[in-house]
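Enquirer: Spelled out from the first residue to the last, the chains are:
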Amino acid sequence: MQKSLFTRTTIITTAISVAVTGLAIYYQYLNALPASIYTVLLVASYAFDRRSRNVKVAAAVNFLMLTLIIVVGDKFIDNFYAPRWITSTIGYVSVAGLLLYLSGQVSDMRQIKESEERLDLALDGITAGLWDWKMDEGNKRWWSPRYYELLGYAPGEIEPSAHTSQEMTHPVDFELAKHTQHKHLHTASKFEIEQRYKTKSGEYKWFLVNGQTKFDKEGKPVRMIGSIIDIDEKKRNQQLIEQQAALIQIIPNAIIYGDRNLNIYHINETAEELFEIKKHEILGKRITEMLNYEIVGQNPEDVLASMRNNTVWKGEVIFTLRNGKRKSLLASARMVFNAEGEMQGWVGIYNDITVLKNTQERLQLATEGTAAGIWDWPDVSKDEEWWSPRFYQLLGYAEGDLSPALSTFQSLLHPDDVKGTLTLLDEHFKNKKRFEIEYRLRTKSGEYKWFLGSAQAKYNSTGQPERLVGSIIDIDDRKRGAKTIADYAELIRMMPDGVLRVSKSRKIVSANGNVQRLFEATAEEMVGKDFTDFISMNILGTTRDAVWNNIWINGFWRGEVEVTTKSGKQSLLLVNIKATPAEDGEEPTWLGIYTDISMLRINEELNIALHKLEENNKYLEQFAYISSHDIKAPVIALEGLVDLLDKNDGVKDEQKPLLKMIKRTTQQMQRTNQSLNSILKLRKNLTDTGNEGGEPVRLQIILEDVMGTLEPQIAEAGGQLNSDVLEVQHVMFPYMHFKSVMYNLISNAIKYRHPDRALQIDVSAHELYQGVYLFTIQDNGLGIDLNRNKDKVFGIFKRFHDHVEGSGVGLHIVKSIIQAYGGNIKIESEPNKGTKISFTFKSMYPLTNNN
Amino acid sequence: MALNKILLVDDSEPFNYLSKAVLADNKVTCVINEALNGQEALDYLEREETCPDVILLDLNMPVMDGFDFLEEYAKREKCHAHTKIFVLTSSNRAEDKDRAVKNKFVMGYFDKPLSYFHIKEIQTFFEE
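Protein sequences appear in the order of chains A and B.
Everything in the first sequence is counted per our numbering, starting at 1 for the first residue and increasing by one.
Everything in the second sequence is counted per our numbering, starting at 852 for the first residue and increasing by one.
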């Protein structure tokens with residue numbers, strides 16, 4: 001500043017001087033020479049003036065020169081033949097120029113003075129620390145007290161030097177500072193940098209460093225003066241702001257700034273991404289114009305109102321984007337107010353919690369999946385409870401489907417669990433016994449599920465329960481799983497086969513109950529022992545070594561072993577062995593299953609015996625058949641011959657009774673043979689496949705057939721038959737066999753009727769269950785004393801009354817038929833009262849509803 | 852055609868006696884010859900010049916039974932066009948009856964003893 005003032009004044013003065021001198025020379029006044037010399041001197045002095053410290057010298061030279069011109073100039077001017085007024089004019093003009101110059105000098109001086117004073121004030125009062133580097137005076141440096149103070153030192157505490165400067169400069173800033181200084185000294189560019197100096201405490205602080213340099217005539221810097229200003233806080237703030245600005249850009253939260261009119265003036269990149277909108281599209285607009293949103297659970301007006309109270313609002317907002325996408329955002333927003341309490345704008349931060357929300361929902365679901373259902377029985381004197389929604393859910397019900405009460409709960413409890421649960425509840429009430437029990441509850445589907453029930457009562461001051469709160473946890477899977485394992489364990493325990501695990505060193509690892517029985521030892525006695533200590537073995541068809549190789553090389557062996565225990569018990573075992581590879585460094589083992597097939601062998605023998613028996617039976621049947629046939633022929637012949645004898649009258653009268661007896665005996669023989677024959681025939685018929693008597697015919701027709709034969713006999717006996725078979729009459733039964741059953745039974749009733757009363761027969765038939773029918777034939781006849789004859793009733797050739805002719809095979813045949821068809825027969829009878837025979841009979845062709 | 856000659860083939864003499872008595876009883880008056888088994892019957896047929904009108908054949912007989920006889924009879928041609936064979940047996944085996952009635956020479960199957968109804972049935976073959 002001071003320099004430029006100088007220069008301007010100098011130039012103007014010089015310009016005027018040059019102009020006047022030039023004019024004088026132009027008019028060829030020789031006495032202008034001194035003025036010219038003066039001008040040259042003046043210019044030279046101004047050149048000197050570039051160095052401020054020579055200003056006064058310059059001014060003095062100037063003055064001297066002018067005085068010289070004015071005092072001696074007349075003489076010269078005269079000598080040069082110039083008119084006096086010209087000389088005078090030049091002189092005055094020069095004086096005027098000088099005065100002008102001087103006035104400029106004075107003004108400049110005053111200005112400098114003022115500046116210096118101001119600077120001093122600044123130096124004392126405020127900020128800058130000054131430094132002075134006098135390159136022309138042996139690089140002498142000087143720091144103002146403030147300079148020291150700014151760096152945390154007492155004035156003069158350290159010596160200012162190039163070295164200390166370098167030491168103090170932050171290594172990062174050093175290169176820049178050096179470069180800037182270098183540039184400044186060579187190109188006279190501005191020297192102003194921000195750099196860090198290390199303070200006494202070791203901390204670095206930011207300073208603004210300014211410098212001015214004075215150069216000598218050759219342009220060599222001679223002195224550099226400057227200041228440092230503490231800008232540390234500003235710099236830090238700025239840094240903070242920059243960092244914050246960067247942060248705002250990169251932060252994973254969406255940030256929106258709005259002005260006082262609620263228009264958006266800035267959004268960060270995350271917001272652009274989140275709202276899928278470009279910054280330029282949204283700036284200057286109201287957020288409501290650009291995005292649809294709803295605030296979860298709150299009224300937008302309330303939210304604004306709460307924000308106006310200078311509070312931060314936090315909540316959940318669901319935005320619907322322009323593409324229809326919905327996003328759940330966790331929002332924080334607040335308004336920004338200035339010191340006067342005027343609203344300046346607002347800022348909102350949004351977090352995308354859509355993913356989080358999904359996770360939460362899943363977590364909630366998962367929690368719900370295992371979480372307890374809660375119930376509360378607030379007043380144990382009343383049958384009213386409260387059940388949590390989860391409680392209902394666990395039971396498959398919707399909330400409120402059931403009226404929550406102990407009685408309802410009890411009705412849901414599995415019948416087998418009611419007693420235990422109520423007993424424990426009682427114990428809990430009376431003795432404060434811990435209430436935790438596993439019980440089954442009936443779910444809506446009717447299935448029972450396992451729950452772990454817990455409860456805790458609140459007792460009043462007298463120890464009486466007032467309130468009960470509890471929970472149920474679904475343990476069905478666990479329970480079932482445990483049950484399965486328990487089932488398997490139980491199964492192995494109960495298995496009819498022996499299950500034995502043996503290590504490779506032949507030591508018994510475990511043995512189930514049947515192995516214990518087989519080895520005649522307890523599990524304790526066996527475990528750890530060599531299994532051959534208990535039994536001797538005879539492996540059928542192979543050697544022990546071969547078996548051993550099979551187990552450990554092929555992994556299994558199967559074969560039969562004869563085993564003898566110490567007590568001498570022998571059994572034949574089918575053995576299945578499977579090797580289990582070694583686990584966790586333990587010895588490999590094999591698992592053997594021993595099936596006692598001794599019985600199988602016995603069964604085989606039994607089968608052979610049975611087969612023999614069957615053959616015998618067949619032979620006997622054949623024998624009976626042939627016998628019956630062979631007897632038949634002579635009996636028939638005898639009968640014929642006796643008849644012939646009777647007819648031919650070749651018998652004397654006294655021999656006639658004898659002939660009659662022979663005739664009766666023959667008839668008896670004949671009848672017995674016929675009965676025997678009919679039984680043999682029936683047996684054959686019933687065992688034959690595709691038997692002849694099995695053709696299905698409707699019951700109605702079979703009965704009509706039977707009655708066709710027997711009705712006359714009933715009528716003759718003055719009797720009556722009532723039937724109640726409508727329900728069954730269209731069902732099909734095997735014709736011949738069923739007819740035989742009905743015929744025999746009804747004819748028995750007729751035959752063994754009571755002589756003193758009219759015969760009454762009741763026949764009924766009903767369906768007992770699907771395809772099985774119950775028949776009863778009841779009479780009021782003679783009856784049988786079952787106490788004496790129970791075992792014989794259905795025997796062959798058994799007769800209980802001898803006043804009428806009977807073969808004694810009727811009931812035997814009936815029973816044979818009924819049993820052959822898988823039915824049962826039962827007789828109830830009392831002498832002189834009557835007989836009731838009931839039997840069941842399956843129909844292969846039961847009625848369907850349609851026919 | 853008249854019923855003039857009957858051959859009874861049965862090992863049981865009482866039955867043969869009975870049969871003759873029943874035939875006489877029912878006014879069948881003709882020549883009645885007897886053979887005690889199948890072989891005798893074959894010999895008789897070989898020997899005789901005239902074939903019998905009727906053979907009453909029992910099934911169970913020693914030496915040669917009724918079925919063997921029928922087999923042998925079928926092998927020869929003699930009497931086939933003339934003689935009617937009826938089985939008269941005390942067998943109660945259904946197989947016997949089945950087998951007998953299937954034979955093309957057997958005209959009827961009777962259970963012993965011979966009765967009026969059997970004779971009536973035989974006579975239907977000889978009505979003029």
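The set of hints was computed from the structure by calculation and includes no laboratory data.
Being a predicted model, the structure only gives us computed values, none of them experimental.
Glycine residues also receive a C-beta, built at the ideal position from the N, C-alpha and C atoms.
Possibly wrong hints are sitting among the right ones.
[To be verified] Label pairs and their computed distance ranges (CB to CB):
#: 1; chain 1: A; residue 1: S598; chain 2: B; residue 2: V952; range: 54 to 60 Å
#: 2; chain 1: B; residue 1: F968; chain 2: A; residue 2: Y619; range: 35 to 41 Å
#: 3; chain 1: B; residue 1: K948; chain 2: A; residue 2: K826; range: 22 to 28 Å
#: 4; chain 1: A; residue 1: N617; chain 2: B; residue 2: C902; range: 46 to 52 Å
#: 5; chain 1: A; residue 1: D646; chain 2: B; residue 2: F968; range: 16 to 22 Å
#: 6; chain 1: A; residue 1: K826; chain 2: B; residue 2: R944; range: 34 to 40 Å
#: 7; chain 1: A; residue 1: D643; chain 2: B; residue 2: K929; range: 50 to 56 Å
#: 8; chain 1: A; residue 1: D643; chain 2: B; residue 2: R944; range: 24 to 30 Å
#: 9; chain 1: A; residue 1: K792; chain 2: B; residue 2: R927; range: 30 to 36 Å
#: 10; chain 1: B; residue 1: K948; chain 2: A; residue 2: D646; range: 27 to 33 Å
#: 11; chain 1: B; residue 1: C902; chain 2: A; residue 2: Y619; range: 40 to 46 Å
#: 12; chain 1: A; residue 1: P657; chain 2: B; residue 2: K948; range: 48 to 54 Å
[Unchecked claim] Simulated pairs of lysine-lysine, DSSO-like, Cα-Cα distance not exceeding 27 Å:
#: 13; chain 1: B; residue 1: K871; chain 2: A; residue 2: K663
#: 14; chain 1: A; residue 1: K647; chain 2: B; residue 2: K953
#: 15; chain 1: A; residue 1: K684; chain 2: B; residue 2: K871
#: 16; chain 1: B; residue 1: K878; chain 2: A; residue 2: K663
#: 17; chain 1: B; residue 1: K871; chain 2: A; residue 2: K660
#: 18; chain 1: A; residue 1: K663; chain 2: A; residue 2: K739
#: 19; chain 1: B; residue 1: K948; chain 2: A; residue 2: K739
#: 20; chain 1: A; residue 1: K652; chain 2: B; residue 2: K871
#: 21; chain 1: B; residue 1: K871; chain 2: A; residue 2: K647
#: 22; chain 1: B; residue 1: K948; chain 2: A; residue 2: K684
#: 23; chain 1: B; residue 1: K948; chain 2: A; residue 2: K618
#: 24; chain 1: A; residue 1: K647; chain 2: A; residue 2: K618
#: 25; chain 1: A; residue 1: K681; chain 2: B; residue 2: K878
#: 26; chain 1: B; residue 1: K971; chain 2: A; residue 2: K647
#: 27; chain 1: A; residue 1: K235; chain 2: A; residue 2: K134
#: 28; chain 1: A; residue 1: K656; chain 2: B; residue 2: K871
#: 29; chain 1: A; residue 1: K681; chain 2: B; residue 2: K948
Enquirer: For every hint, state whether the structure bears it out.
Expert: For each hint, the structure was consulted:
1. Evaluation of the 54 to 60 Å hint for S598(A) and V952(B) yields a pass: the beta carbon distance comes to about 56 Å.
2. Hint check: F968(B) to Y619(A), Cβ distance near 37 Å, so the stated range 35 to 41 Å holds.
3. Distance hint check for K948(B) and K826(A): the Cβ-Cβ separation is about 38 Å, which falls outside the suggested range of 22 to 28 Å.
4. Roughly 47 Å separates the CB atoms of N617(A) and C902(B), a value that falls within the hinted 46 to 52 Å.
5. Distance hint for D646(A) and F968(B): a CB-CB separation of about 20 Å, consistent with the stated range 16 to 22 Å.
6. Range check, K826(A) to R944(B): Cβ separation about 36 Å, and the 34 to 40 Å hint holds.
7. A C-beta distance of roughly 37 Å is found between D643(A) and K929(B), which places it outside the suggested range of 50 to 56 Å.
8. About 26 Å separates the C-beta atoms of D643(A) and R944(B), a value consistent with the hinted range of 24 to 30 Å.
9. Look at K792(A) against R927(B): about 58 Å separates their beta carbons, and that is not inside 30 to 36 Å.
10. One distance hint, 27 to 33 Å for the beta-carbon pair K948(B) and D646(A), holds here, with the actual separation near 31 Å.
11. Restraint check, C902(B) to Y619(A): a C-beta distance of roughly 43 Å satisfies the suggested window 40 to 46 Å.
12. For the pair P657(A) and K948(B), the supplied restraint of 48 to 54 Å is violated, since their beta-carbon distance comes to about 39 Å.
13. At most 27 Å may separate the alpha-carbon atoms for a hinted pair to count; K871(B) and K663(A) meet this at roughly 21 Å.
14. For the hint linking K647(A) to K953(B), the alpha-carbon distance of about 37 Å lies beyond 27 Å, and the restraint is violated.
15. Taking the CA atoms of K684(A) and K871(B), the gap is about 36 Å. The hint is violated against a cut of 27 Å.
16. As the CA atoms of K878(B) and K663(A) are separated by approximately 25 Å, the hinted pair is consistent with the 27 Å bound.
17. For the hint pairing K871(B) with K660(A), the CA-to-CA distance comes to about 24 Å; that is within 27 Å, so the pair holds.
18. A threshold of 27 Å between alpha carbons decides the hint, and for K663(A) with K739(A) the separation of about 32 Å lies outside it, so the pair is violated.
19. Restraint check: the Cα-Cα separation between K948(B) and K739(A) comes to about 24 Å, which is no more than 27 Å; the hinted pair holds.
20. Restraint check: the Cα-Cα separation between K652(A) and K871(B) comes to about 24 Å, which is no more than 27 Å; the hinted pair holds.
21. Simply put, K871(B) and K647(A) have alpha-carbon atoms about 15 Å apart, close enough for the 27 Å limit, and the pair holds.
22. As the CA atoms of K948(B) and K684(A) are separated by approximately 16 Å, the hinted pair is consistent with the 27 Å bound.
23. This hinted pair checks out: K948(B) and K618(A) have alpha carbons roughly 22 Å apart, not beyond 27 Å.
24. Of the pairs offered as hints, the one joining K647(A) and K618(A) is violated, with about 43 Å between alpha carbons and a cut-off of 27 Å exceeded.
25. Among the hinted pairs, K681(A) with K878(B) is inconsistent with the structure: their alpha-carbon atoms are about 37 Å apart, more than 27 Å.
26. Distance hint between K971(B) and K647(A) is fulfilled; the C-alpha atoms sit about 21 Å from each other, no more than 27 Å.
27. Between K235(A) and K134(A) the CA atoms are separated by roughly 30 Å; this puts the pair beyond 27 Å, and the hint is violated.
28. Of the supplied pair hints, the one linking K656(A) and K871(B) holds, its CA atoms being roughly 24 Å apart against a limit of 27 Å.
29. Using a Cα cut-off of 27 Å, the hinted pair K681(A) and K948(B) holds, with the two alpha carbons roughly 15 Å apart.
Hint violations for this structure: numbers 3, 7, 9, 12, 14, 15, 18, 24, 25, 27, all remaining hints satisfied.
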